[in-house]
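Below are the chains, spelled out letter by letter.
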Amino acid sequence: MPEVPLDFIEMIVAAFITVMILSYVIGDNVLFRIATYLFIGIASGFAGAIAWENIVKPTLVQPLIDDGLIKLLSPEGALTFLIPWMLALFMLFKLSPRLSRFGGFPVALLVGVGAAVVVGGSITGTLVPQSMAAAGMLSPATALPTAGEPLSIWLEGLISALLTIVATISVLIYFRFSAQRDLTGGTRRSRIAEVFAYLGQIFIAVTFGVMYAGALMATIVVLAQRFQFLHDVVTRIVGGA
Amino acid sequence: MKIGTYLLWAAMAVGTGIIVLLGYFVQIDQIPADSLIGNIFTLRLLIMGWAVLLAAVALGIGLFNLFLVHWTKVSRQGPGWKYSAILIVAFVLTLLLGLILGPDSRVVLFLFNSIQVPVETSLMALLAITLSLAGFRLVAQRRDLISLVFVGTALLVLIGSGPGILSTEGLFFSFFAGLRNWLVQVAAAGGARGILLGVALGSIVTGLRVLLAVDRPYGE
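Heads up: the protein sequence lines correspond to chains A and B, in order. Per this note's numbering, the first sequence starts with residue 1297, numbered consecutively. Per this note's numbering, the second sequence starts with residue 6, numbered consecutively.
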């Protein structure tokens, strides 16, 4: 009996799974559900194994195997080994409804670090670079015509830059949810703010339209690749390769 | 007692948050390692390490909860318990194989390549159909200016991206290709920048509320 190569089995299983998922086109069905539950189980198990292998084992278990309990007694060991162990144990209290309040301590650390990363990342990764890029569009170096540049090209660039800035500002005005309270208790924004907010809505619609078209094109390519894969599998089976 | 623990947790969140936040705005390489600030930055790296570990432990707790939920469903034979049984078998099998043989072993990679990758790509492929349907539904159900702008932009970008709908040669295509480039590089770029800045401002405000202990999502 000839030996079946593992990559061939892998390909056959992948083809079956692909058909099971694509069967959703005819509606929610048993095959689709089996494939998705299988996927959640395997993805969760894989994530757990990765977290253990790359984070938990090297931080909590490997030092214990390599250096033994003596590591705990050193001042360095307390910081790199004892405190992580304690934090992890306290975190496990979250599993018990009776003891879960003790789990608040490591959660507070996680939330504090998470908030700092969000604030720092948003400022250095988005707010400053995007504001600089927006401001740079109207800096003299880019907004003024360069020597030999045709007037029409310069004008086109300038109008595009102005429009980009208007789009950015109007979207930000749309996101501004504060408004003055009037005598009746309702809220009102100034007429200019309302006009810009509506313009912002239109620019958001344009942006989402572009993103939608991009996503649609990308997913159509993936769909074509899946059909190509199924075609290749059938060809290989029929061809006996 | 309650106030004591609440203060301790708030101090923990604020203290660790400020130490980590400082690292974004201070040039660490220009500070002597044995100075007070240098030691704070060493502590910052330790804290980041602890947070990564706690995130991994939190993931473990989440996975245990997922297992418990589906285990309960199977033991009570509630609706859809057979699917939960499939999930449990797949989860336990992958986890055990990953723990014993390692996540990059041939067997675990077989499961990854033959099930996880095809499911992910096929779900993305399905998105082509669901996105198209959603687009048609939007046109059918909401006929206001904003929807019209959204669908019109999407159509223009699709036509201008070609090939497929139009031949890639000729004045007609070059007009739509130019219009597409203008929409992507000017109108959508400005809008996207506004959205990004709005999201960043919202994230900063939410993060600062946590760092100032105005919001306390860690309990009590």
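What the hints contain is simulated information worked out from the structure, not anything from laboratory work. Warning: the hint list may mix true and false statements.
Stated by the list, open to error - Estimated spans, in silico, between C-beta atoms of each pair:
(1) A:A1443 with B:Q146: 25 to 35 Å
(2) B:S137 with A:G1417: 50 to 60 Å
(3) A:R1397 with B:D149: 44 to 54 Å
(4) A:P1446 with B:G157: 24 to 34 Å
We put the CB at the ideal spot given by N, CA and C, even for glycine.
| task | Note whether the CB distance of P1446 of chain A and G157 of chain B lies within 24 to 34 Å or breaks it. | result | With Cβ atoms ~31 Å apart, the hint holds.
| Status of the given 25 to 35 Å range, CB of Q146 of chain B versus CB of A1443 of chain A | violated, 55 Å
| query | Can the suggested window of 44 to 54 Å be confirmed for the beta-carbon pair R1397 of chain A and D149 of chain B? | reply | Roughly 50 Å apart at Cβ, these two residues keep to the hinted range, so it holds.
| message | Looking only at beta-carbon atoms, does the pair S137 of chain B, G1417 of chain A fall within the given range of 50 to 60 Å? | response | violated, 35 Å
In this structure, the earlier hints numbered 1 and 2 are contradicted, and the remaining ones agree with it.
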